[in-house]
Amino acid sequence: MANIVIDKIKKTFGSFEALKEISLEVGDGEFVSLLGPSGCGKTTLLRIIAGLETETSGQILIGGTPVNGLAPKDRGLAMVFQNYAVFPHMTVFENVAFGLRMKKADQNRVKSQVDKAAALLHIEPYLDRYPNKLSGGQRQRVAVARALAVEPKVLLMDEPLSNLDALLRLEMRTELKAVLQASGTTTIYVTHDQTEAMGLSDRIAVMYDGRIEQIGAPVDIYSHPASRFVGGFMGSPPMNFIRLPVTNGTVKLGNMNHAVPASVEREIVLGLRGENVSLAPLAEGLRLDVRVAEPMGSHLLLTGTIANQPVRVILPPGESVKAGEAIGLKLAADRLTWLSPETGLALNHPSR
Amino acid sequence: MQNIKKTWIPYLLIAPSVIFLALLFLLPLIQTIWLAVSEGGAPSLANLRTMAGDLNFRLAIRNTFLLALAVVPVQIVIALAMGSMVAKVDGGRETILWVWTIPLGISDLAAGLLWLSILQNSGYLNSLLFSFGLIERQANWLSYQTPIALFFAIAVAEIWRGTAIVMVIIVAGLNQVPKEFREAAEVFGAGPWTRFFRITLPLIKPALQSALILRTVLAFEVFAVVYALGGTNMPVLVGEAYTWQNQNQNYGVAAAYAVLIMVISLAATLVYLKAVRVDPERLP
Ligand SMILES: Nc1ncnc2c1ncn2[C@@H]1O[C@H](COP(=O)(O)OP(=O)(O)OP(=O)(O)O)[C@@H](O)[C@H]1O
Ligand SMILES: [Mg+2]
Numbered sequence: 001m002a003n004i005v006i007d008k009i010k011k012t013f014g015s016f017e018a019l020k021e022i023s024l025e026v027g028d029g030e031f032v033s034l035l036g037p038s039g040c041g042k043t044t045l046l047r048i049i050a051g052l053e054t055e056t057s058g059q060i061l062i063g064g065t066p067v068n069g070l071a072p073k074d075r076g077l078a079m080v081f082q083n084y085a086v087f088p089h090m091t092v093f094e095n096v097a098f099g100l101r102m103k104k105a106d107q108n109r110v111k112s113q114v115d116k117a118a119a120l121l122h123i124e125p126y127l128d129r130y131p132n133k134l135s136g137g138q139r140q141r142v143a144v145a146r147a148l149a150v151e152p153k154v155l156l157m158d159e160p161l162s163n164l165d166a167l168l169r170l171e172m173r174t175e176l177k178a179v180l181q182a183s184g185t186t187t188i189y190v191t192h193d194q195t196e197a198m199g200l201s202d203r204i205a206v207m208y209d210g211r212i213e214q215i216g217a218p219v220d221i222y223s224h225p226a227s228r229f230v231g232g233f234m235g236s237p238p239m240n241f242i243r244l245p246v247t248n249g250t251v252k253l254g255n256m257n258h259a260v261p262a263s264v265e266r267e268i269v270l271g272l273r274g275e276n277v278s279l280a281p282l283a284e285g286l287r288l289d290v291r292v293a294e295p296m297g298s299h300l301l302l303t304g305t306i307a308n309q310p311v312r313v314i315l316p317p318g319e320s321v322k323a324g325e326a327i328g329l330k331l332a333a334d335r336l337t338w339l340s341p342e343t344g345l346a347l348n349h350p351s352r
Numbered sequence: 353m354q355n356i357k358k359t360w361i362p363y364l365l366i367a368p369s370v371i372f373l374a375l376l377f378l379l380p381l382i383q384t385i386w387l388a389v390s391e392g393g394a395p396s397l398a399n400l401r402t403m404a405g406d407l408n409f410r411l412a413i414r415n416t417f418l419l420a421l422a423v424v425p426v427q428i429v430i431a432l433a434m435g436s437m438v439a440k441v442d443g444g445r446e447t448i449l450w451v452w453t454i455p456l457g458i459s460d461l462a463a464g465l466l467w468l469s470i471l472q473n474s475g476y477l478n479s480l481l482f483s484f485g486l487i488e489r490q491a492n493w494l495s496y497q498t499p500i501a502l503f504f505a506i507a508v509a510e511i512w513r514g515t516a517i518v519m520v521i522i523v524a525g526l527n528q529v530p531k532e533f534r535e536a537a538e539v540f541g542a543g544p545w546t547r548f549f550r551i552t553l554p555l556i557k558p559a560l561q562s563a564l565i566l567r568t569v570l571a572f573e574v575f576a577v578v579y580a581l582g583g584t585n586m587p588v589l590v591g592e593a594y595t596w597q598n599q600n601q602n603y604g605v606a607a608a609y610a611v612l613i614m615v616i617s618l619a620a621t622l623v624y625l626k627a628v629r630v631d632p633e634r635l636p
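Heads up: the sequence lines are chains A and B, in that order. So for the first sequence, my numbering puts the first residue at 1; every next one is plus one. So for the second sequence, my numbering puts the first residue at 353; every next one is plus one.
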């Protein structure tokens, strides 16, 4: 059992609050991604879990044991550093073998583990080279292999695929997922890349400004963002936010009246995923003034305005809409997010 | 016109330093070598023979090498320890480094005299030992009858005086090693000693090499501290050169000593360059 419980962790650097009461539970064998903009505290949280940084307050339990004050090597985890930290004076083989050597594993096991990890990350050709001649992406894979080779109970990865080209990243992502699932490794994975987070994770924790904004299954976070920040951060194109006037507890979407959560009075913000619309006659639907139409092959991307507010929506590739046209849109009523214009928080969120 | 100007400018700028070095270093060097291997204007090994036949010659060589052997490793170890300790300090780091480098600002003769005031018969050490009742009367540490105490005193003074420069070089080297390397080693199970010997030490090899070369060359040139503490009780190579130059007025033999010291220093440098080889491929 190697579950992780993070209980009200705070971290301040001088007067700067890098983490503001983070609580998070990661189940045994679960894969949780930390997703968030630069500087929101992802690396700091990971370093605290690893024991490389001391929390200002709060508690961390790994496998039920409090690890506060425990040295990193006694926490039974492996880590991939954001800047790789591949040892320059050791060959790639010795780098990957490092953790096993420290555990005094016998030569046969070292060899087989290193070969296995190297094969997985396609770094066999470089095993007897020194890292300083490798490219950033190759070094990064050495760092991942070094962490996988020890078969840790808990694996912390700080943007481990950020330097790979798109194709290789996709491939590595799939293989990583397969391997970690098979070994049942509890994983916390930091990334900027939301498609990566969506594809890999059992759950995603969206962080913002030293806080966890929302945690949940990828689909939940995508379709039911808890706040304007999460909706705008997840998805490509990001969620559209449209301010609409409220009359008698309803808003007018084209010629339809739609009931909204009762707590708002004059105005409400509609959170609309670009793909939750379909074409409707202009007279019936919500009016979109198309400024740019981009046929993307798999879909048609329209940029324009609804009620004078910028939006991006997606239609099936077969539709023919031209720039400058005005069209009607029918919205998928059960997939709409309603947010408070003042706080930016979702009003009908299932968690509330 | 423009181009001619451009190609000449660098040489013009370098010229003063080249001329300066040639006049004040290269020329005297050639003169010294010639002085050592000539007699009355003709090539001759007479000076070298006089030097090798001198009573103090073997003693001076032995003492100089023993001193270097005793002082340099201790200095490297102390400097490594100091450097590693100060790396862990957050507040007041600059102040500690400043205090530690004070001996650097003191000339070696002054340092020798400073230690003389501690170690001479009426010095602080004897007063202290006497006041604790550890000795009956003033002990003599620095005479030719107590060669081991004298050697020890000189070694301590040299270590005190010359460790700071080693530390400065090593601290600079340590600063070049990103903390993530040590952290990664720590996460993967390396204890403090393993981290030091398997990660930190290999990564500061270039700094270590510079420090070793510098300190060893300086150790072979040891003189002022020896002279201040022991006078002629403990002959060393530079001391012999000094004696032949000033007391015996034999510039040829003095030059022979100077050349010998230079050859030993160059040899030591070569040994270090080979032994502590820095492979550029294995640097960060
Ligand atoms: N040692 C430190 N001293 C002072 N401030 C720090 C320190 N480490 C991190 N910070 C600050 O804490 C905040 C969070 O940093 P952190 O490295 O965790 O961000 P991140 O989410 O990993 O960003 P990125 O995605 O760019 O890697 C930043 O504002 C950073 O400046
Ligand atoms: Mg980071």
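Calculated from the structure, these hints are not laboratory results. One thing to keep in mind: the hints can contain errors.
[Stated by the list, open to error] Interface residues of chain B toward chain A, partial, derived using beta-carbon atoms under 8 Å:
#, residue
1, Glu532
2, Glu535
3, Ala536
4, Ile551
5, Glu633
6, Pro636
[As the list claims (entries may be wrong)] Straight-line Cα separation of at most 20 Å, EDC-like style, residue types lysine to aspartate or glutamate; simulated pairs:
#, chain 1, residue 1, chain 2, residue 2
7, A, Lys20, A, Asp74
8, A, Lys330, A, Glu265
9, A, Lys177, A, Asp202
10, A, Lys111, A, Glu151
11, B, Lys531, A, Asp202
12, A, Lys73, B, Glu633
13, A, Lys133, B, Glu446
14, B, Lys440, A, Glu53
15, B, Lys531, A, Glu53
16, B, Lys557, A, Glu21
17, A, Lys10, A, Glu21
18, A, Lys153, A, Asp289
19, A, Lys252, A, Asp289
20, A, Lys133, B, Glu633
Every residue, glycine too, gets a C-beta built ideally from N, C-alpha and C.
For each hint, the structure was consulted:
no.	hint	verdict
1	Glu532	4 Å, holds
2	Glu535	5 Å, holds
3	Ala536	4 Å, holds
4	Ile551	7 Å, holds
5	Glu633	5 Å, holds
6	Pro636	4 Å, holds
7	A:Lys20 - A:Asp74	26 Å, violated
8	A:Lys330 - A:Glu265	24 Å, violated
9	A:Lys177 - A:Asp202	10 Å, holds
10	A:Lys111 - A:Glu151	14 Å, holds
11	B:Lys531 - A:Asp202	32 Å, violated
12	A:Lys73 - B:Glu633	29 Å, violated
13	A:Lys133 - B:Glu446	36 Å, violated
14	B:Lys440 - A:Glu53	14 Å, holds
15	B:Lys531 - A:Glu53	12 Å, holds
16	B:Lys557 - A:Glu21	43 Å, violated
17	A:Lys10 - A:Glu21	5 Å, holds
18	A:Lys153 - A:Asp289	54 Å, violated
19	A:Lys252 - A:Asp289	17 Å, holds
20	A:Lys133 - B:Glu633	7 Å, holds
Hint violations for this structure: numbers 7, 8, 11, 12, 13, 16, 18, all remaining hints satisfied.
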